[in-house]
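So the sequences go chain by chain: A and B. Under the working numbering, the first residue of the first sequence is numbered 4, with each subsequent residue one higher. Under the working numbering, the first residue of the second sequence is numbered 44, with each subsequent residue one higher.
Where hints are given, some of them may not hold.
Covered stretches of chain B, going by a simulated chain A footprint (3 or more residues, C-beta under 8 Å) [stated by the list, open to error]:
#	region
1	278-292
2	297-306
3	358-369
Think of the hints as simulated: they come from the structure by calculation, not from any bench. All residues carry an ideal CB built from backbone N, CA and C; glycine is no exception.
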Amino acid sequence: MSGLVIRNLCVTYGSGDRSVPAVRGVDVDVLPGATVGVAGESGCGKSTVALAVLRLLPRTAQITGQLQIEDEDVLTMRWGRLRAVRWAGASIVFQGAMHSLNPVHRVGDQIAEPILLHASPPGGAGSTRTRVDTLLEQVGLARQHARSYPHELSGGQRQRVMIAMALACDPRIIVADEPTTALDVMIQAQILRLLGRLVREHGIGLMMISHDLSVLAHTCDRLMVMYAGRVVEEGPAQEVFRAPRHPYSVGLRAAFPTIGDPGARRRPHGLPGDPPDPAALPTGCSFRPRCDVSEGRCATVDPVLWPVPDVHTGPRAAACVRVLSPTPEPEHGNVVEETDTL
Amino acid sequence: MNAHGDTAPGDGGSGAAAHMVEQEAGLRAVDLATVFPGRLGRPAAVAVDRVNLDVHTGEIVALVGESGSGKTTLARTLLGLERPTRGRVRFDGRPLAYSMRALRAYRRRVQLVLQDPTGSLNPRHTVYEAVAEGLRIHYGTRPDEQELVADALAYAGLRPPERMFLRYPHELSGGQRQRVVIAGALVLEPEIIVADEPVASLDASVRGEILALLLRLRDELALSALVVTHDLGLAWNIADRVAVMYLGRIVEIGEVDTVLTAARHPYTQALLSVLPESPATTPTVLSGEPPDPARIPAGCRFHPRCPILESGRAERAGVAERCRTEDPPVLDGAGGHQVACHWAHAVS
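For reference, chain B alone in the conformation it holds in the complex:
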C-alpha cells in the first residue's frame, strides 16, 4: 500500500499509456511559477519561480523555507487557489482545470489544513457542524452524515466521537481543535492533504501527537501530505522527502535522511547549523532577512548571502564567477538527492 519514496516519476519509462498514468505522482508541480503583479509601478513579485515538485501516493513531503520563500504561495497554487503564471499543476495524471466545477471536485480530493486551528474554526459552530460542513457543500445532506462525521473524528483521534459532537471550539484544547480541523478534512476522504504549519501554534506536548496522527493517517489510509513548515525537526519526525525553498525556487530536495544529515546546499547547511541542537560547532547565522521576491538577485539567487562565496571557498573551487552570473539549473523534483548550487556540484 505504501510505495512511498521509491515511486518512479510518471514521464519516464516506456509502458502503455494507461500504465504511465498509473505511475504518475499524485500531485505534481511542473515548471510552476506564480507572479504577483507590482502595484504603483513597483516590479512584479515572483513568489514561485519555476518549481518542479512531486507528491507521490502515500508519501509525506515537507516543504521547508523561511517566511517570504514562497512556500505558502506554492501550496496555494497547488490547491488551485492561485492561477500559475507559468507551468501547470497536475493531479492524478491530468492537468488541473480551473473551471468552478473542476476545482470543486479537486478540492474534495485535495484538502487544506491551516496553521491556526482557532482561526479556522467558526466559534459558533459545534464540532459536528464544523466537520459536516464539507460534506454538505459537496454532497448535500446525506443519510449517513452522522456516521461519516463520527468516523472522521475517530480517525483524528477524538474518541468517543459522539461526545464531541455538541462541543464548541472554546471548550476544546489547542490540540483537540487541530484534530477537529483535520477531521473536517478527512471526512471527504481526500487523497492528499496540504498542511500549512500544522503544529506551529501548538504546545510542545501536543505537537508530537498531531505529527503522530499525520503519520498514522499515511500508514492506515495511504493519505499523502505536503507539509509546509519552517521547522526542520518536523521534517525529521514525519516526512519521507524534504524540499528546501529559497526565494521562490527549490534549492535542495531529496530523502529526509540524506538531505538533513548530509546537506549539500549552503543554505540548507546554514539552516541546520542554527538549530539549538546542531552538532555544528560554529553556527552559520546568515545576516539579514530573505531578500525581496520583487528583486531576485542575478546569478544564483542565494549568492549575496552565501557563506561559501563570502569565505572564498567558491573562489577556490573555481565557481565564484558562475555563482554571481549564472542561475543554477532548475531541479526536476522527481526523486534522489538534488541540489541547485554550482559549488556543491564542483566539489562533489
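One chain only, chain A, in its complex shape:
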C-alpha cells in the first residue's frame, strides 16, 4: 500500500524509571489524495506523531512500530536516504509560520533551498527560479513576493509561503501541524481551501493536525481523535463530528459552538480537568478521571478501539466500554458542562 502507513507506533521520551510514553500504539493510513485529521489537546501526542513521520524527534525518543512512506520503512532507513525522503517523500507545514521562516532570507530563496538540495533541477539557477514562481502562483501569491522578507508578509501570506515550501519537491505526503491556528477566520478559510485544492490536484496524502474538531471535520475525509497517546475514536470525519461516540470526542465537539445553536448560547462547554500525566496514567481507561459517564468497569478495563456497530458510511471505531456494550440506561446529551468544579 502506498502513501503513509503507520502501525503500532510507540514513542517514549527518556528511559528507565523516568521514561514518559508520549504515543502508545497508533495506527494511521494516509492514501494518496486522501485527507486524515488528527484532533486532541496539547500533550495528547498528536505533534509527536507528526514529527515521527520524518524522524524529527529528539535523540531521547525511542520509536517502535512501523512507519512507511511509499512502501519504504522510515524507521530503519539510512541517514542519506532519510534526507532524500524529507521534503521529497513527505514534508511538514508547521504551526507558527513566523518562527519557521528565517527572518534574514528572502522567501524566494527559502523556497528554493529544498529544491536545490533535493531535486537539483537540470536547468540550474534559471529553472529553480521558474519553479519558485510556479510554486508561489500555486499558493496564490504574486511572484514579486519571492523578493520579500518574512516580516514584510502578513500571517496568511507567510503560511502560504510555508505551503509553497512544503510543495517544492513534489512530496507524496504533507503533514500540516495546526496550519491555521493563529489565523483569522477569513484567512483560515483561504488556507484550508488552498490545501484542499492542492491535495486534490496533486494527489497528495494530507495528514492535518488540529485541536479544532470543526475545522478537521470540514476539511478531512477521515478523522482520528487522540487522548493520552492513543487514538480513542476514528471514522468518517463528518460522522465522527456529527455523532461522536467517545465521551472525550463529545467534549471536544462541544467546545466550539455552532452559531445559532440555542444549546450553546450563553452556555460555553468545556472539559473540566487536565489530561493525565503520561508518566502516571490512571488505571483502566485513561479518560476516566475526566469522564462524566464513567462506570465501575472503567477502572479495570483499558478499552481498545472497538468497531462502532451502527450503520455508517465507513469503518468507525471508538475506545470506550459503552461502545462495546451500552449501559442499560443510556444517557443522552452527555455534554460536559463547566459548572466550575470545586
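Dock chain B against the given chain A, drawing on the hints supplied.
Just chain B, lined up with the frame of chain A:
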C-alpha cells in the same frame, strides 16, 4: 442586578442630571479616533476611525474583526494606553482624564486581561506575588492582602487558593495560568475587564471553562466585559452584544442573537459563511487581506472587497454608485441592531 442589554444610553431622556449620570453606560467610546502618524513620509494610519461603543454595567460586549481591523487599538484607547486623536473615552459619566493620577485610579476600575497567559506572567513570581502585585501598586501592603488574594483566586476557580500561593507559572497548565491572570485583575475589584483574545492560545477543552468563568463573574459580580476577539463562536457563547469592526470602523452592531443569526452587513455575512459549521451552502471567501489603514478606500471602506457590489446586487438595488463614493453614516453604538451599509438599508 443584571440589567444588561436593555439599558438606555445616558444622553437620551429628560431626567434630572444625577439620574442621567446614573443611566450613562459604564464605559463609552464617543466618536473615537486613534491615528498613528506615518513615518518617513508615509501617510498616517487611521487605526480607529470614529467609533461609538457603549459597554453597559453587567454587559459582555464582543468586539469582532480581522487582524488589522483596529480592534486592539480601540481596546488600548479605551484603557487609556493610547490618547485618542478625536472624540473621547467616557467612564462612569465622566470623560477620561489623562493625568498619571487619574489614569492610575481608572486602571484599578478597568482591568486588562491579555491573550497569552504565559507571556503575561513573570516566570519568577509565584501565583501569590502575581495576584498581589496589583494590590501593592494601588494600595501598598495591606493587612488583609492574603485574604483578598485568596478570594480572587477562588473567584477565578482556583480552589483551594492556599494551595496555589507558592506555585510558579511553569507548574501550571495553560488554563490555570489564564485563571491566575484573571485573578490578578479581579483582586482590584474592577467594574469592567477588557479581555484581548482571552482564549485564543488555549486548548479547546480549556476554552469553554474560561468562557464560563467570564460569564459567571458577570452574573455574580455584575462585572462588565469587553472581549476583543476574531472568534464569532466566543461571541455566541458568552456575549450580550457584538460589534463587528472593519478597517477602524464598526460596521455592524447589535444583540448577539440578531447579528449572528440575521447579519445584514455583507462583511459580517462573509465572516459567518466561512465558519466550518456555517449553514451557508457556498462560503463567501473574501480574497486578499484586510486593506491598509493608511489607505482607507473612498466611499464605503469595504466596497473593494464587497461581494454584494461585485455580484451586481448593489447595482440592482440602485446603490452601487453610493457604495463607491459615499461613506456610510457612523453608527451610534447605543442599542438595537445597526448596520453601516447602503445596500442593507436599501433592501430592508
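Of the hints given before, which are not true for this structure?
-> Those not satisfied come down to hint 3.
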